[in-house]
Amino acid sequence: MNDNLQTLWQTADAPPPVPESLRDRAARLDRTLRWRDVRELAAVAVVALIFSVRAAVAPELPWGALGLVGLSLWIGGVILSVRLRFPRASPWMPLRDSLRAEHRWLSAQTALLRWAWLWYVLPITAGVVAFDLSDGHGRPVYLTVVGLLGAALSWANWKAADDLMTTRDAFAAHLHDLDHA
Amino acid sequence: MSPTDARFAALLDAHGPALWRIAGAYARTRPDREDLYQEMLLQIWRALPSFRGDAAERTWLTRIAFNVALGAVRSRDVRKTVDAPLAVDAAPDREPDPHAAADRSDALARLFAAVRQLPEIDRALVVLSLEERPHAEIAEVLGLTVSNVAVRLHRARARLAAALTDPVPL
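Sequence order for the protein chains is A and B.
For reference, each letter of the first sequence is one residue, going 33 to 213 in our numbering.
For reference, each letter of the second sequence is one residue, going 99 to 268 in our numbering.
Watch out, some of these pointers could steer you wrong.
Only some residues are given here: those of chain A computed to face chain B with a beta carbon under 7 angstroms [claimed, not checked]:
hint: 1; residue: 40
hint: 2; residue: 127
hint: 3; residue: 158
hint: 4; residue: 162
Calculated from the structure, these hints are not laboratory results.
Beta carbons are placed, not taken as given, at the ideal position from N, Cα and C, and that holds for glycine.
When you get a sec, could you build the whole thing from the sequences and use the hints?
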């Protein structure tokens, strides 16, 4: 590199002072990330617990409740398995390794969102319907609302997958740049 | 002051200006640049307890800076403001002559503008070269081989020269 350019580059102004709030922001971010991870699995555990109790106290019609318990555990298992198989990149990785890990993570998250209707919404919707029927109700308005909510949730996840794909494609483009001299 | 605080302060004393210049290469406006710089500091602060010395401190820090910078370029907030010019100021009090200072400030703004015209990976190579990092260190930061760095850097420099010859309006 031209020495003059290097010299000129290094005459740029000094950075602003470090904000006092940096440590608080870091603590807040750590808390948010920790709770996000816990929240998903806690929701699964709560659903499983509620319907296990329901099945225990109403043993005459337990199959709908037990079905929901099984589905909750299935959903928790999918989330946990994807999280363990596709960890996020550490910030101090070399750029290429970091891009590769983030690309894998984003691909897994995109697939989870894209197919949420199949592994998450459909089983839950079917489970809620089965529970309602097994409870001897089978209320049409209630079941229609559940179906519509399921459709809305599937659509929202599908759209979220589209947004995530834009980011994933940007990572793929950078990786391509790095891999092909 | 805790040992982590002291270590963080020492790191910033030594490498803060380089991180700020890297942020300037990837942000389009002054507020974006400040946000990006703070995000770098945030990630460094969070990662500091896990630094084991597997890489040199400067290399470790620079990796974090580029991982954050390339992540931020994709973010909506930065992309929204692509049309706004970046005010890059030369450091004060080095140039007693105001005309010379203005010329230097103008040249610096053109250099930053030319760097920001480059594709993101080329930009990383050029920025590291402008920071006078040896090829081996650039290779460690980007995850490339040293020979690959040499080839790519040659091409990236040619692109920078073209961008400087035919600059975009500031």
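Fill in: List of violated hint numbers, smallest to largest
Of the numbered hints, 3 and 4 do not hold.
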